[in-house]
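Visitor: Okay, here's what each chain looks like letter by letter:
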Amino acid sequence: MTLIKRTSTEILILCGLACLCGLVANALHPDGVVLARNYFKVGPKKRPEVPQTTSSRTAAVNEPIAEFTPPSPVSAGDASNAVTAEVNTPQTPNAPPIAAQMEQPNPELRQDESGLNLADFDFVLGAWTAMNAGAPSVVFVDARKAEAYEGAHIAGAVLLDHYRLERYLPDLRERLLAAQVIVVYCAGDCEDSRYLATALIYDHDFPAHTLFLYEGGMAEWTERKQSVTQGAQP
Amino acid sequence: MSAPQGRIGRWDASGWPQLLARLAFGAIMISYALPKIIDPLDFLKEIHTYHILPEEPAGLINLVAVCLPWFELTGSIALILGLARRGASLVFTGLMVFFTVMILARALGLHQELGGAFCDIKFDCGCGHGEVYICRKTLENLGLMVLALYCLVSRSDRLSVVRLWRRYSRPM
Chain A
1 MTLIKRTSTE ILILCGLACL CGLVANALHP DGVVLARNYF KVGPKKRPEV
51 PQTTSSRTAA VNEPIAEFTP PSPVSAGDAS NAVTAEVNTP QTPNAPPIAA
101 QMEQPNPELR QDESGLNLAD FDFVLGAWTA MNAGAPSVVF VDARKAEAYE
151 GAHIAGAVLL DHYRLERYLP DLRERLLAAQ VIVVYCAGDC EDSRYLATAL
201 IYDHDFPAHT LFLYEGGMAE WTERKQSVTQ GAQP
Chain B
235 MSAPQGRIGR WDASGWPQLL ARLAFGAIMI SYALPKIIDP LDFLKEIHTY
285 HILPEEPAGL INLVAVCLPW FELTGSIALI LGLARRGASL VFTGLMVFFT
335 VMILARALGL HQELGGAFCD IKFDCGCGHG EVYICRKTLE NLGLMVLALY
385 CLVSRSDRLS VVRLWRRYSR PM
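Heads up: the protein sequence lines correspond to chains A and B, in order.
FYI, in our numbering the residues of the first sequence are 1 to 234.
FYI, in our numbering the residues of the second sequence are 235 to 406.
So here's chain A without its partners, still in its complex pose (with noise of 0.2 Å):
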């Protein structure tokens, strides 16, 4: 055997056994590579689709959100423009949930170029504060791995690492499809939240106007010297 023919048999024998071997060793591993997956999707360059509502609360758009908003229920037949967030808090038990601000499309809020809301410092914060008082429509999604999670997160955010959905999404499912506002975040210089709210919008069927990216994450949260937690997902 001529030695190019050698060396390209033992070429195509090294590369099928690594291939083999690495199929089956992923098939066994717990956190395995998903091979159909697409990990790093980016949703098509447009606005979401937002479903328009016919409730009581008004439909205006052209209030300019600054930041997230402080709870005040609104009447029927309200006539203004003026968008508003409403918040269950302990002190309004009968307040509606956050609704309006959310549903609506407001040209004001800033959006990637996929239409996905970004959310700065401020807003931010605001929607901390109101989970903190305890609205259970506000949740903060860490998206990075568990090790660092249990180093630092934001204080009551919940793990939802972006590569390992399978495991953490059927436990927080519920929750999340109940929030009204999803504030999505990772370290900060990173893409992982992004990628996880489009596969949470196009994969998993979340509406797109309840999900806010947090660009600053935990770089910005941490420099700002806001409250962190250590430890695992309780």
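Honestly, the hints are just simulated from the structure, not real lab data.
Note that the Cβ used here is the ideal one computed from N, Cα and C, for glycine as well.
Certain hints may be false.
[Said to hold, decoys possible] If you anchor each label on the Cβ, the simulated ranges turn out as follows:
1) H345/B <-> P234/A: 22 to 30 Å
2) C369/B <-> K45/A: 36 to 44 Å
3) G32/A <-> L376/B: 31 to 39 Å
4) D354/B <-> A27/A: 36 to 44 Å
5) E365/B <-> G16/A: 29 to 37 Å
[Unchecked claim] Covered, in the sense of this in silico footprint (three residues per stretch, anywhere, with C-beta under 8 Å from a C-beta of chain B), are these stretches of chain A:
6) 13-23
7) 29-40
Since chain A is already given, all that's left is putting chain B on it; use the hints.
Guide: Relative to chain A, chain B alone:
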């Protein structure tokens, strides 16, 4: 097989330099492969940061993340034993050239973005050992390239499983 010419040829023919090169290269590649086999998802993330492979179809980048570390492991074991030496070392030489070019390109991009001294650039190259300084990593890769190239061009099979097999499988 013709007699080795000159001192280098005789030195190579002894088989010991090649064995040392195979052992060194193989051990280092196994140390690179094992972390990637243990956490293939982390390796997948690192591959993606280079933006070489398309995201669609997803199967391609996922397959590389799953199979490449295993090639590094099986190829290294084969190389250490002296099995499929030329095939393994040819692929490893090609991979080292490719990895080094990619790492340098990424470092240049980071350098343009961040400024500062080039050798102070540090990032996780996806090599399996976390963050590394670019200059040190480049030198390491060049050293590995030399070892792989030597394993490829060496003419000796003296200290290899292949030779042992041939010796002990001869009829008495």
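Visitor: Give me the numbers of the hints this structure contradicts, sorted from smallest to largest.
Guide: Violated hint (a single one): 1; every other hint is consistent with the structure.
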